Amino acid sequence: MVSRSLVETLLPRRPELDRAARARVLSDVTDFVQQALAMAPWHLRIGVNVLTLCLTAWLSIYLGLTRLRAITHDMGERAIELFERMPNPAPGLVRLYRSLAMLAFYDHPIVMALMGIESSEERQTRFRELRRGLDAGIR
Amino acid sequence: MSPSYRLDGPVETACDVVVIGSGAGGACVAAVCAEAGLDVIMLEEGPFVPTEQKPARLTTALLRQWRCSGLTAALGPTPVAYAEGRCVGGSTEINAAVFQRTPDELLERWAQDYRIADFGAAALAPHLDRAARVVNSSLTRGPLGRASEILHEAGRKLGWRATPLERGQRHCVGTNMCAHGCPTGAKQSMSNTLLPEALARGMRLFAECRATHLVVRGRRAIAVEAIGMGADGRRHRATLRPRLVFLCAGAIHTPAILRRSGLKRHVGDTLRMHPTLKCVALFDKRVGASDSRFPLYAISEFMPDQRLGGSIVTPGFFGMMLSDYWQHRKDLVAAMDRAGAYYAIVRGQGVGRIRTLPGAVEPVVSYRLAPLDWENLAKGLARIGRAMFASGATVVYPSIRGHAGWRRPEECDEFNVRGLPQNRTSLMTVHLSSSCPLGGDDRRSATDSFGRLHGHENVIVGDASQLPEAPGINPQATVMALAFRAAEHALAGGHELSRRASAEANR
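Heads up: the protein sequence lines correspond to chains A and B, in order.
Take 559 as the starting number for the first sequence in my numbering and just add one per residue.
Take 552 as the starting number for the second sequence in my numbering and just add one per residue.
Errors might be hidden in some of the hints.
[Stated by the list, open to error] Below, in silico cross-link-like pairs of lysine to any residue (SDA-like), each with a Cα-Cα straight-line distance of 25 Å or less:
{"hint": "1", "chain 1": "B", "residue 1": "Lys881", "chain 2": "A", "residue 2": "Leu688"}
{"hint": "2", "chain 1": "B", "residue 1": "Lys815", "chain 2": "B", "residue 2": "Lys881"}
{"hint": "3", "chain 1": "B", "residue 1": "Lys836", "chain 2": "A", "residue 2": "Glu676"}
{"hint": "4", "chain 1": "B", "residue 1": "Lys836", "chain 2": "B", "residue 2": "Gln900"}
{"hint": "5", "chain 1": "B", "residue 1": "Lys881", "chain 2": "A", "residue 2": "Ser677"}
{"hint": "6", "chain 1": "B", "residue 1": "Lys881", "chain 2": "A", "residue 2": "Thr683"}
{"hint": "7", "chain 1": "B", "residue 1": "Lys836", "chain 2": "B", "residue 2": "Ser917"}
{"hint": "8", "chain 1": "B", "residue 1": "Lys881", "chain 2": "A", "residue 2": "His601"}
{"hint": "9", "chain 1": "B", "residue 1": "Lys836", "chain 2": "A", "residue 2": "Phe641"}
{"hint": "10", "chain 1": "B", "residue 1": "Lys815", "chain 2": "B", "residue 2": "Gln900"}
{"hint": "11", "chain 1": "B", "residue 1": "Lys881", "chain 2": "A", "residue 2": "Leu575"}
Hint data in this document are derived by calculation from the structure and do not stem from the laboratory.
Keep in mind that this is a model prediction, so the values were computed, not measured.
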């Protein structure tokens, strides 16, 4: 149900990623958004799916029936921004997609490296070693 | 902790006790029953994730250990997102392990208002003491970081009481990965404390095995039906025939299981919570919230109705928090190092319901905030905003869609008079309770004073759903104390299993 193009439109432009990195990040973020939504309670999923159809229809109308993959980032962003201004639950849907996409984007090791942040994997390893050292000292 | 037990085909077995759920309540119940030498089977819907396999990435943790990957919400005029653990150890694996004893005056009032027998500060004290010992409730040593100092400093400058938070931890090294599941084992979650002890005493733990319903005949539950993931990767049915069933699946799923079993009287009608409203505060100087411990101070001046505190910040969580008004806040990502996430939490007076539908695993949860909750949230938000400015914040962005942020402390009172915009305010909670409350009056409680379901001999509730009201503090200590109390009472109070437990003890 979640299109890669929709997720791509929601992704931030910064930090700037080269083509290969962006493709990798986009793929991982889309996978996460899809998996997370697939695990959502059924009654939320139904609502999200119906509203996603509305969003897709809106994007198609706004973009003059342009195929989603052909739209530019700016056009897509603008279309989503306008959808977000509609009454509830439209903004709630965009917020949901955006929250999931942002979470996965900024949690991604490629993005974290570009932001100069230690990756979660490195952080976990560093602290496990620190803890082992402390344990050895305690003993 | 040894690996969990896996089904190798359909199972039908008898045992003394089935404990449904392995979180703070279930682990305490299991510990008491296993210590008494009883044959205990524990069912946990989620997987067992040992410390060395805790995921590094937040996204993996959400998919593996959080219920519905964190996408759970109580529906209502203003939806409230909530989070629960769904793994061995339950929410204790993904929470921050803050341990707060139930205030004595609250326990005394509950005893009186809800006519709870043998209840009150003195009666609960030994159970709270035991819970504190189990998790090694203690202050975290070493520098706490600027994110904590911000609350401490605000309290000092504004003349508000700011209290350091005790946590269930042992030599915490400050990974800031509490929500992933502690990668060093420092957090004293249930998988690091009571569950290994119960397993060593012979408890069988069926992980990835979901209790669907109880089979009830007259006044007794004669079986627990469950569906589990087998070692062969296929789902198998388990029919367990215990003499005693403890429901410890949390404030949402305990009532869901009971209602699916046809046990609906005062079950799932009185859900309470702590509605929480967050804000992002931007400072001139470095905060380094994503690189240090989450804020280990709370402004307790306005407790129990309001508490002001700080949240875990990781790059992923931070990005998510900015989604309320991305167009206006996206540039904050670059300033993440100078930002912190703080919140106002209120003791909700609103009431919610839990309802199941045939064939659906997840129940429908609804909740409506009371007018007083909105008032308290507006006051709490104004106070946390003022606290941030007192500590040097330059801008404070409340979690309200379309809000441009506050730049001066006076602006924080914006919603005190005209109220919060209910259709644009993002609420969340991690504290759910009271959906099967205990009490001496069976006209308004689901269970008796010790957790036994009214009208049923061998069905006992031992989790957050037992709290008569939202407690206004982190509920883990209260949940553990009530679970210890319920289990000890069941085994000592004339139940058929008590004779067996005594015999085991005397052997």
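So, going through the hints one by one against the coordinates:
no., hint, result
1, B:Lys881 with A:Leu688, "35 Å, violated"
2, B:Lys815 with B:Lys881, "47 Å, violated"
3, B:Lys836 with A:Glu676, "20 Å, holds"
4, B:Lys836 with B:Gln900, "38 Å, violated"
5, B:Lys881 with A:Ser677, "21 Å, holds"
6, B:Lys881 with A:Thr683, "30 Å, violated"
7, B:Lys836 with B:Ser917, "42 Å, violated"
8, B:Lys881 with A:His601, "31 Å, violated"
9, B:Lys836 with A:Phe641, "37 Å, violated"
10, B:Lys815 with B:Gln900, "22 Å, holds"
11, B:Lys881 with A:Leu575, "17 Å, holds"
Checked against the numbered hints given earlier, this structure breaks hints 1, 2, 4, 6, 7, 8, 9; the rest are met.
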